[in-house]
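Numbered according to the working numbering, the sequence shown terminates at residue 1417, and the numbering increases by one at each position without gaps.
Pairs of lysine to aspartate or glutamate residues, derived as DMTMM-like cross-links and limited to a Cα-Cα distance of at most 20 Å, are as follows:
(1) Lys-1400 with Glu-1386
(2) Lys-1397 with Glu-1363
(3) Lys-1400 with Glu-1388
(4) Lys-1400 with Glu-1384
(5) Lys-1397 with Glu-1384
(6) Lys-1400 with Glu-1363
(7) Lys-1397 with Glu-1386
The calculated label-pair distances, taken between Cβ atoms and stated as ranges, are:
(8) Asp-1390 with His-1350: 26 to 36 Å
(9) Asp-1306 with Thr-1407: 49 to 59 Å
(10) Gln-1374 with Lys-1347: 19 to 29 Å
(11) Ala-1379 with Lys-1352: 24 to 34 Å
(12) Leu-1406 with Glu-1309: 44 to 54 Å
(13) Asp-1306 with Ala-1365: 48 to 58 Å
(14) Glu-1309 with Leu-1403: 52 to 62 Å
(15) Glu-1309 with Asp-1390: 41 to 51 Å
Since the hints were derived computationally from the structure, they do not count as laboratory data.
Backbone N, C-alpha and C define an ideal beta-carbon position, used for all residues, glycine too.
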Amino acid sequence: MADGDNDVGEQLEDLDAAYDEEPLDEPIENPEESENIDILPSSEASLKVDHDKRITTPFMTKYERARVLGTRALQIAMCAPVMVELEGETDPLQIAMKELKYVLFSLTTSLIGLDEWD
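From just these sequences and the hints, can you work out the full model?
As structure tokens, then:
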């Protein structure tokens, strides 16, 4: 049994040596080719639609509300900055509900129409 333990130890040492040889932070040669990111000019990024031209209702369905709260609670749980003053709240879902109450975060939802299911 001692022979098997040595083999495992040697294998682990070989793996550690292989990981140590790889560089941790290698600069990317051409970042435009490696990622599919569109960078918008600041004038286009902050466009708002007038209230009279909007095609949605000002109300959220219970499904949209659940999705937005769940997404924001997950972000808060992963140490995202909180947009409201905390008054002893520690539950990410309660904090997300408070932010939604004061409309302090911007998440969008998209509704899938019947034509888009195919």
